[in-house]
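If you're matching them up, the sequences are chains A and B in order. Taking the numbering used here as reference, the numbering of the first sequence is continuous, increasing by one, and the terminal residue is 194. Taking the numbering used here as reference, the numbering of the second sequence is continuous, increasing by one, and the terminal residue is 395.
Derived by calculation from the structure, the hints in this document are not laboratory data. Honestly, I wouldn't trust all of these hints.
As the list claims (entries may be wrong) - Computed list of lysine to any residue pairs in SDA-like fashion (alpha-carbon distance at most 20 angstroms, straight line):
no.: 1; chain 1: A; residue 1: 168; chain 2: A; residue 2: 66
no.: 2; chain 1: B; residue 1: 358; chain 2: A; residue 2: 172
no.: 3; chain 1: B; residue 1: 358; chain 2: A; residue 2: 106
no.: 4; chain 1: A; residue 1: 168; chain 2: B; residue 2: 286
no.: 5; chain 1: A; residue 1: 89; chain 2: A; residue 2: 66
no.: 6; chain 1: A; residue 1: 168; chain 2: B; residue 2: 234
no.: 7; chain 1: B; residue 1: 358; chain 2: B; residue 2: 234
no.: 8; chain 1: A; residue 1: 29; chain 2: A; residue 2: 100
no.: 9; chain 1: A; residue 1: 168; chain 2: B; residue 2: 354
no.: 10; chain 1: B; residue 1: 358; chain 2: A; residue 2: 52
no.: 11; chain 1: A; residue 1: 29; chain 2: A; residue 2: 126
Chain by chain, the residues:
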Amino acid sequence: MDLDEAYQGDKDFWWLCFNGRIPDYWISKDKYKDYWKFLPLFDHPKNQHVDYGGAVIQYDDDFAWPYHSTEYLDFIKKSIEKFQFKNVKFKKCWWLTYPENTFSGLHTHEDRGQRTMTCVLFLNTISVSTVTPLNGKLKAITMNPVTGELVSDMIKCIAGDMVVMDGKVYHGVYPTLEERKVFVVDFTYDVEYD
Amino acid sequence: MSGPEFPTPDQFLGGIPTMFEPSSQQLQAIDTWVVDDLYYPGYKKFLKLFNNSSERHVDWGNGTLYYKRGMEYPTDIDPKKEYLEFIKFQLQNVPIRVKEFQKAWGVKYPPGAYSGLHCHQPGRQLTSVLFLDTPKPSVAYPLAGCLTTLQPTPESTINYLTHKPIEGKMVIMDGKVYHGSYPALEDRHVFVVDFEYESVI
């Protein structure tokens, strides 16, 4: 078979992610049906500030986990089991409200050589419009480490949808035309080649 | 990564017949580049495009595109195509041969307008962005109106750059480089020209 013909571009990247065969730049998606449990957090935050782009960030002291139950953290770990990562440990968490016309600039969650992953859980659903299709969507630019090509992903804001990604993945939020809420958790992890 | 399926790093990506060999070709094709900090002194003439264009439409991020029919080069503004020659001259040290002009257009970003991240594919294309005005600096929103570029590097990293809009400055990039612009705080204008090119490596 002709090599160019066999090459499948982005499809290979998503195949690698789906099957947990990629240690860098990966993106994984799942659904968490109990997402609504996080909504009361927005009513009585211990700390908050306005981020660049206008989103309101709220968090407990030291970005600590705000519950006794670790059910959600365990759910995330189970969701990414296919990658066979080692030492997956909670790092910090926060929750954000994006008022109308606010956004989040492109950024990564890299931390001086320590592997980090970030998990974004959408807490409400943003309407989809053909006139303003970018409205509040999460945009991710990552890399297929096998080919070196950039891979672009556009993620709709649907309540309960969860996106977990390697800390090296660039991501941001397009300006939203309606209020948008998310809950974010970061973990550290190791990759062990046996 | 551990486990019986991946006994060694070399075998980590084994058993993927549709990808492994083609990837070696593709890897060689990742020769992306960004040339920035260029200055074109004749930039002001292209502001006429926003009055003289025959076509226009509003893009997804609410910027308005202005262009001639078929996105032809505006020869009424630059009859000798000096700007196209300027672009080619600036790329003489990049290992490419600039081929056919593809299209040209202007974009006006009103306050709050932005450009979503995109690249210019398929094939070998290059795109040039000429800033036509200088927005006032903002302490609260320092990235307002900035062009961003994300470029894959041979070291398997992503090179992320922001380019402040300053009138007359321009950025030229390979079509595989993702780019977009942050929401503007005041009206800003750019002039964009795309070419085909071929690698000379």
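Going down the list of hints, with the structure as the test:
A C-alpha spacing of about 26 angstroms is found between residue 168 of chain A and residue 66 of chain A, which places the hinted pair above 20 angstroms, so the restraint is violated. Restraint check: the Cα-Cα separation between residue 358 of chain B and residue 172 of chain A comes to about 19 angstroms, which is no more than 20 angstroms; the hinted pair holds. Our distance criterion of 20 angstroms between C-alpha atoms is met by residue 358 of chain B and residue 106 of chain A, whose separation comes to about 15 angstroms. The hinted pair formed by residue 168 of chain A and residue 286 of chain B fails the criterion: a straight-line CA distance of about 33 angstroms is larger than 20 angstroms.
Between residue 89 of chain A and residue 66 of chain A, the direct Cα distance comes to roughly 16 angstroms. Compliance with the 20 angstroms bound is thereby established for this hinted pair. This hinted pair does not check out: residue 168 of chain A and residue 234 of chain B have alpha carbons roughly 35 angstroms apart, beyond 20 angstroms. Of the pairs offered as hints, the one joining residue 358 of chain B and residue 234 of chain B holds, with about 15 angstroms between alpha carbons and a cut-off of 20 angstroms not exceeded. Taking the CA atoms of residue 29 of chain A and residue 100 of chain A, the gap is about 26 angstroms. The hint is violated against a cut of 20 angstroms.
Note on residue 168 of chain A and residue 354 of chain B: the hinted pairing holds, with a Cα-Cα distance of about 12 angstroms set against a maximum of 20 angstroms. For the hint linking residue 358 of chain B to residue 52 of chain A, the alpha-carbon distance of about 17 angstroms falls within 20 angstroms, and the restraint holds. Between residue 29 of chain A and residue 126 of chain A the CA atoms are separated by roughly 18 angstroms; this keeps the pair inside 20 angstroms, and the hint holds.
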